[in-house]
Amino acid sequence: MNTPTLTLAQVAALINAPAPARPQDAARTIAGVNTLAEAGPGDLSVLAHDRFVREYRKTRAMAVIVQRSVKVPADAAPPGAPVVLLADDADAAVAAVLGALAPPVPRPPAGVDALARVAATARLGEGAAVGPFAFVGERVVLGRNCVVHPGVYLGDDVTAGDDCEFFPNVVVRERATIGARVVIHAGSMIGSDGFGYRWDGARHAKIPHIGRVVIEDDVEIGSCVCVDRAKYSTTVIGRGTKVDNLVQVAHNVQVGPHCIIVGQAGLAGSVRLGAGVVLGGQTAVRDHVTMGDGAMAAACSAIADDIPAKSIVSGMPAIPHRQHLREQAAMRRLPDAVVHLRKVEERLTKLETGAGAGPAAT
Amino acid sequence: MNTPTLTLAQVAALINAPAPARPQDAARTIAGVNTLAEAGPGDLSVLAHDRFVREYRKTRAMAVIVQRSVKVPADAAPPGAPVVLLADDADAAVAAVLGALAPPVPRPPAGVDALARVAATARLGEGAAVGPFAFVGERVVLGRNCVVHPGVYLGDDVTAGDDCEFFPNVVVRERATIGARVVIHAGSMIGSDGFGYRWDGARHAKIPHIGRVVIEDDVEIGSCVCVDRAKYSTTVIGRGTKVDNLVQVAHNVQVGPHCIIVGQAGLAGSVRLGAGVVLGGQTAVRDHVTMGDGAMAAACSAIADDIPAKSIVSGMPAIPHRQHLREQAAMRRLPDAVVHLRKVEERLTKLETGAGAGPAAT
Amino acid sequence: MNTPTLTLAQVAALINAPAPARPQDAARTIAGVNTLAEAGPGDLSVLAHDRFVREYRKTRAMAVIVQRSVKVPADAAPPGAPVVLLADDADAAVAAVLGALAPPVPRPPAGVDALARVAATARLGEGAAVGPFAFVGERVVLGRNCVVHPGVYLGDDVTAGDDCEFFPNVVVRERATIGARVVIHAGSMIGSDGFGYRWDGARHAKIPHIGRVVIEDDVEIGSCVCVDRAKYSTTVIGRGTKVDNLVQVAHNVQVGPHCIIVGQAGLAGSVRLGAGVVLGGQTAVRDHVTMGDGAMAAACSAIADDIPAKSIVSGMPAIPHRQHLREQAAMRRLPDAVVHLRKVEERLTKLETGAGAGPAAT
Numbered sequence: 050m051n052t053p054t055l056t057l058a059q060v061a062a063l064i065n066a067p068a069p070a071r072p073q074d075a076a077r078t079i080a081g082v083n084t085l086a087e088a089g090p091g092d093l094s095v096l097a098h099d100r101f102v103r104e105y106r107k108t109r110a111m112a113v114i115v116q117r118s119v120k121v122p123a124d125a126a127p128p129g130a131p132v133v134l135l136a137d138d139a140d141a142a143v144a145a146v147l148g149a150l151a152p153p154v155p156r157p158p159a160g161v162d163a164l165a166r167v168a169a170t171a172r173l174g175e176g177a178a179v180g181p182f183a184f185v186g187e188r189v190v191l192g193r194n195c196v197v198h199p200g201v202y203l204g205d206d207v208t209a210g211d212d213c214e215f216f217p218n219v220v221v222r223e224r225a226t227i228g229a230r231v232v233i234h235a236g237s238m239i240g241s242d243g244f245g246y247r248w249d250g251a252r253h254a255k256i257p258h259i260g261r262v263v264i265e266d267d268v269e270i271g272s273c274v275c276v277d278r279a280k281y282s283t284t285v286i287g288r289g290t291k292v293d294n295l296v297q298v299a300h301n302v303q304v305g306p307h308c309i310i311v312g313q314a315g316l317a318g319s320v321r322l323g324a325g326v327v328l329g330g331q332t333a334v335r336d337h338v339t340m341g342d343g344a345m346a347a348a349c350s351a352i353a354d355d356i357p358a359k360s361i362v363s364g365m366p367a368i369p370h371r372q373h374l375r376e377q378a379a380m381r382r383l384p385d386a387v388v389h390l391r392k393v394e395e396r397l398t399k400l401e402t403g404a405g406a407g408p409a410a411t
Numbered sequence: 050m051n052t053p054t055l056t057l058a059q060v061a062a063l064i065n066a067p068a069p070a071r072p073q074d075a076a077r078t079i080a081g082v083n084t085l086a087e088a089g090p091g092d093l094s095v096l097a098h099d100r101f102v103r104e105y106r107k108t109r110a111m112a113v114i115v116q117r118s119v120k121v122p123a124d125a126a127p128p129g130a131p132v133v134l135l136a137d138d139a140d141a142a143v144a145a146v147l148g149a150l151a152p153p154v155p156r157p158p159a160g161v162d163a164l165a166r167v168a169a170t171a172r173l174g175e176g177a178a179v180g181p182f183a184f185v186g187e188r189v190v191l192g193r194n195c196v197v198h199p200g201v202y203l204g205d206d207v208t209a210g211d212d213c214e215f216f217p218n219v220v221v222r223e224r225a226t227i228g229a230r231v232v233i234h235a236g237s238m239i240g241s242d243g244f245g246y247r248w249d250g251a252r253h254a255k256i257p258h259i260g261r262v263v264i265e266d267d268v269e270i271g272s273c274v275c276v277d278r279a280k281y282s283t284t285v286i287g288r289g290t291k292v293d294n295l296v297q298v299a300h301n302v303q304v305g306p307h308c309i310i311v312g313q314a315g316l317a318g319s320v321r322l323g324a325g326v327v328l329g330g331q332t333a334v335r336d337h338v339t340m341g342d343g344a345m346a347a348a349c350s351a352i353a354d355d356i357p358a359k360s361i362v363s364g365m366p367a368i369p370h371r372q373h374l375r376e377q378a379a380m381r382r383l384p385d386a387v388v389h390l391r392k393v394e395e396r397l398t399k400l401e402t403g404a405g406a407g408p409a410a411t
Numbered sequence: 050m051n052t053p054t055l056t057l058a059q060v061a062a063l064i065n066a067p068a069p070a071r072p073q074d075a076a077r078t079i080a081g082v083n084t085l086a087e088a089g090p091g092d093l094s095v096l097a098h099d100r101f102v103r104e105y106r107k108t109r110a111m112a113v114i115v116q117r118s119v120k121v122p123a124d125a126a127p128p129g130a131p132v133v134l135l136a137d138d139a140d141a142a143v144a145a146v147l148g149a150l151a152p153p154v155p156r157p158p159a160g161v162d163a164l165a166r167v168a169a170t171a172r173l174g175e176g177a178a179v180g181p182f183a184f185v186g187e188r189v190v191l192g193r194n195c196v197v198h199p200g201v202y203l204g205d206d207v208t209a210g211d212d213c214e215f216f217p218n219v220v221v222r223e224r225a226t227i228g229a230r231v232v233i234h235a236g237s238m239i240g241s242d243g244f245g246y247r248w249d250g251a252r253h254a255k256i257p258h259i260g261r262v263v264i265e266d267d268v269e270i271g272s273c274v275c276v277d278r279a280k281y282s283t284t285v286i287g288r289g290t291k292v293d294n295l296v297q298v299a300h301n302v303q304v305g306p307h308c309i310i311v312g313q314a315g316l317a318g319s320v321r322l323g324a325g326v327v328l329g330g331q332t333a334v335r336d337h338v339t340m341g342d343g344a345m346a347a348a349c350s351a352i353a354d355d356i357p358a359k360s361i362v363s364g365m366p367a368i369p370h371r372q373h374l375r376e377q378a379a380m381r382r383l384p385d386a387v388v389h390l391r392k393v394e395e396r397l398t399k400l401e402t403g404a405g406a407g408p409a410a411t
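Residue numbers (this note's numbering), protein chains in the order written: chain A, 50 to 411; chain B, 50 to 411; chain C, 50 to 411.
Be careful, since some hints might not be right.
Identical chains share a label here; the pair holds if one copy fits it or two copies do between them.
Below, in silico cross-link-like pairs of lysine-lysine (BS3-like), each with a Cα-Cα straight-line distance of 30 Å or less [what the hints assert, rightly or not]:
hint	residue 1	residue 2
1	K107	K120
2	K359	K107
3	K255	K359
4	K120	K392
5	K392	K359
6	K255	K120
7	K255	K399
8	K359	K399
9	K392	K255
10	K399	K120
11	K107	K399
12	K107	K392
13	K120	K359
In short, the hints are calculated from the structure, not lab data.
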């Protein structure tokens with residue numbers, strides 16, 4: 050393994066920060082990147098928010114990328130006396146450093162491995178690579194530089210644009226259409242039949258699913274994700290959308306562009322997400338529900354009705370987030386409130402009785 | 050890819066509808082099937098419920114299967130002037146059309162692929178097919194026409210009846226018994242050890258799981274489903290039951306016949322489902338819980354206690370559905386109720402004090 | 050398949066119970082192990098708790114391991130007249146019997162299968178076995194007796210200690226470090242990229258994930274589990290921890306030793322679990338949350354804030370379990386309480402009005 054290395058001077062250049070003042074600092078090589086709390090004396094770290102100043106005071110990091118807007122108190126000198134590299138956007142700066150440090154992803158070499166099975170009718174773009182134990186079906190079309198890792202199955206008539214990557218043991222069933230620069234992580238299953246049956250009086254009769262899956266450009270899909278083919282027409286994951294692990298996307302779902310779908314979320318049949326929708330982890334969306342552009346659902350929400358654009362919902366069933374917070378606050382007081390109510394009733398009864406009986410009764 | 054095509058006359062014959070009146074209509078070939086809203090001028094669509102009449106008015110479909118019981122207003126002529134095909138059960142009719150239009154599923158040819166590994170002691174029925182990179186263990190018995198797609202693992206002593214299909218990268222661990230006509234979609238894992246340990250004072254000691262998995266006839270299992278082997282005895286999925294993607298079925302679970310288990314549901318150890326139980330998506334069922342025949346749980350329910358036959362439950366923990374709806378309605382009013390209660394108390398206190406102090410105090 | 054068998058004398062010896070009094074009993078061979086209710090006349094069963102005495106009365110089992118502390122009434126003779134084997138810890142005794150009865154797990158023979166692909170730079174310990182269709186990358190190091198089942202992918206620079214087992218179709222991406230005696234069940238995906246992006250104004254720009262996964266000694270991981278690599282530094286599963294099926298472990302999570310993580314739980318980025326933490330099924334833990342040693346979360350909890358050591362939480366959001374039970378009890382009464390509150394208000398208003406109007410108004 051040949052991991053790239055960076056000196057602090059190179060880091061500074063990469064993130065457009067002023068170079069370290071002292072030449073001996075500039076020449077130092079960083080061992081890695083880590084949080085302020087965990088960084089060792091060879092590591093680069095980052096201070097991107099005021100709330101981490103406390104951890105900054107104690108860091109042993111060799112160097113810290115500090116967001117210009119963070120107020121670092123004069124007395125906050127950490128024991129490690131780190132080199133400070135100022136950045137306008139510290140998170141973006143760290144991402145740039147990580148990109149430069151990233152070891153190359155191991156990939157099969159261009160061409161078809163002797164232990165792969167590629168149909169004679171498949172067409173592979175220039176630089177495309179198919180690893181061992183991969184299956185590429187009839188009339189499959191792969192764009193340039195596509196990478197098909199070991200154990201991948203691409204069914205008949207699958208097409209993929211340039212620069213796609215299918216990590217080990219991914220399955221893409223027949224007739225799926227994959228855009229350019231799509232990444233599908235290990236073990237995801239694209240294009241299985243949707244879950245649809247009719248009870249015919251004796252059994253659940255299967256409804257044939259003759260539709261397809263379309264995954265647009267620049268989509269990234271995590272591991273163990275299921276995207277089912279449509280009953281008819283298409284199941285669509287819109288361009289630029291990112292899907293985390295273990296997500297369920299049922300038949301005929303249409304996900305708009307640039308959505309974020311966090312781990313273990315589930316979208317039931319025919320759900321529609323607009324552009325830039327964000328679903329928190331373990332979110333559930335009921336079949337046929339539409340969420341407007343920019344709508345957000347907190348983790349563990351259960352969305353049972355259409356959600357307007359840009360609204361934020363949470364809860365089970367999901368309601369406007371502010372209302373949910375109010376309800377939760379009230380819920381914390383509910384047991385006491387129930388007791389209170391009973392006492393109020395007793396007092397009231399006493400008063401009623403007392404009033405009816407007149408002052409003499411007190 | 051050789052997709053079947055149908056003329057409207059053929060569609061009519063298929064669904065037992067009167068043929069289109071005009072010969073030029075009868076001869077038209079449908080391009081596909083789609084919803085009323087999305088159908089193009091070559092598509093067949095369907096109007097199965099009164100609530101879709103509004104979409105029917107606007108459809109561009111070439112032809113529409115209309116459920117006889119739907120009241121189509123006289124003025125509801127869509128711009129596309131579709132051919133109307135009447136059906137008693139429009140959903141069944143569409144399913145029949147989809148079946149006729151379904152392109153064939155690509156399958157390995159009958160026999161054993163040169164790049165498969167099939168034990169010498171395995172017995173394959175007539176017409177059975179084993180694709181490349183598939184592993185078939187010792188003493189495995191596969192019925193007639195079984196299809197083992199690429200990358201599938203069938204462990205020693207697995208048996209399967211006739212006409213089973215194992216989609217790519219499915220794993221069936223040793224000694225599982227699979228009935229006839231069982232379909233397991235890509236990436237599902239059948240027969241892993243159940244999750245059972247005993248804390249022995251120093252570590253979680255593994256409880257050996259020596260039981261098996263039994264999957265009965267006509268079961269269909271989605272993708273990325275886990276069905277664990279029993280501690281002893283068997284984990285059973287009853288005949289005709291349908292399981293969606295990403296479902297967890299723990300050790301010793303017994304699922305009755307004709308159940309429907311929707312995506313991401315989880316059944317903990319030793320759960321028992323009767324016949325025809327329906328579990329909504331992301332449902333959780335606590336270990337050792339029994340649900341009676343025909344019981345239904347709404348999506349996202351958490352079932353912690355036995356559920357009587359035919360009852361409908363929802364919520365976390367699950368309670369009778371009607372009660373859950375009442376509680377949710379009350380919950381929406383809870384924040385206001387808490388405020389109200391405080392005001393009521395103030396008024397009461399005032400009254401009490403006022404009563405005690407007499408009119409002069411006001 | 051050559052399943053081991055045991056006589057009752059052997060069972061007694063195995064669990065340190067007095068041997069059956071009658072020689073003809075001692076010589077009987079048990080057919081299997083089963084619950085009291087399901088045991089057949091050849092089976093061994095177990096009575097470990099008083100609450101199962103009712104089932105004990107009716108069991109048809111040939112022999113029953115009875116926990117010494119269980120009070121078996123004198124009249125509780127089951128129809129099967131089972132041989133009774135007394136044990137101090139009946140569950141442990143059953144586990145021992147199951148271990149002795151466990152049929153051997155089928156494994157590829159030691160060495161590298163002709164249809165495997167193992168890099169020339171990989172180093173395999175003595176007795177290690179690599180099955181067909183398995184991929185072992187550059188510089189991989191496997192300890193003694195490691196078992197790599199068919200279809201497994203071990204990326205470049207993966208290392209594993211002695212006696213690890215990778216079940217079929219497991220994927221371990223490059224640079225992961227696996228301890229000794231680690232078991233990963235079929236279809237789990239270790240080391241995929243974490244889910245991290247920055248919106249750069251036009252798209253979700255990927256944050257490179259250059260960290261690793263570390264799985265410590267004696268960890269067991271179920272099927273279809275995802276453990277993502279760290280953004281930087283490591284994602285850690287601590288020694289002796291057991292993870293059930295379909296669990297999501299996001300980037301930079303640190304799970305302590307001897308934790309129990311039940312099926313479909315999800316740990317978001319940078320979560321930290323102390324030692325011996327227990328997460329129930331479908332639990333969700335928000336990113337950056339810390340749970341102290343021995344903390345427990347009931348199934349379906351959603352943990353949004355740090356949890357102190359040894360505390361028990363439940364609910365969505367998770368709160369102390371006792372409080373959650375109180376709230377749920379109050380919730381059951383909420384619909385009635387809301388009605389009551391309205392009636393109280395009416396009575397109060399009447400009283401107020403009545404008080405204002407004087408006795409004449411009544």
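A quick look at each hint next to the structure:
In the homo-oligomer, the alpha carbons of K107 and K120 lie at most 30 Å apart inside one protomer (16 Å), although the nearest pairing across protomers, at 60 Å, exceeds that limit. In this homomeric assembly, K359 and K107 come within 30 Å of each other (Cα to Cα) only across copies, at 28 Å, whereas the closest approach inside a single copy is 40 Å. For the identical chains of this complex, K255 and K359 are inter-copy neighbours only, at 23 Å across copies versus 38 Å inside a copy, given an alpha-carbon limit of 30 Å. Taking CA atoms no more than 30 Å apart as the test, K120 paired with K392 passes in neither setting, with 53 Å inside one copy and 45 Å between copies.
Within a single copy, K392 and K359 get their C-alpha atoms no closer than 44 Å, and across copies no closer than 35 Å, so neither meets the 30 Å cut-off. Proximity of K255 and K120 under a CA criterion of 30 Å is satisfied inter-copy only: 28 Å between copies versus 63 Å inside one chain copy. Neither within a single protomer nor between protomers do K255 and K399 lie at most 30 Å apart by alpha-carbon distance, with minima of 66 Å and 63 Å respectively. Taking the closest pair of Cα atoms, K359 and K399 never come within 30 Å of each other, the shortest separation being 52 Å inside a single copy and 45 Å across copies.
In the homo-oligomer, the alpha carbons of K392 and K255 never lie at most 30 Å apart, since the shortest distance is 58 Å inside one protomer and 53 Å across protomers. In this assembly of identical chains, the alpha carbons of K399 and K120 never lie at most 30 Å apart, being 61 Å within a copy and 52 Å across copies at closest. Taking the shortest Cα distances, K107 and K399 never come within 30 Å of each other, neither inside one copy (63 Å) nor across copies (57 Å). Taking CA atoms no more than 30 Å apart as the test, K107 paired with K392 passes in neither setting, with 54 Å inside one copy and 51 Å between copies.
For the identical chains of this complex, K120 and K359 are neighbours neither inside a copy (32 Å) nor across copies (37 Å), given an alpha-carbon limit of 30 Å.
In this structure, the earlier hints numbered 4, 5, 7, 8, 9, 10, 11, 12 and 13 are contradicted, and the remaining ones agree with it.
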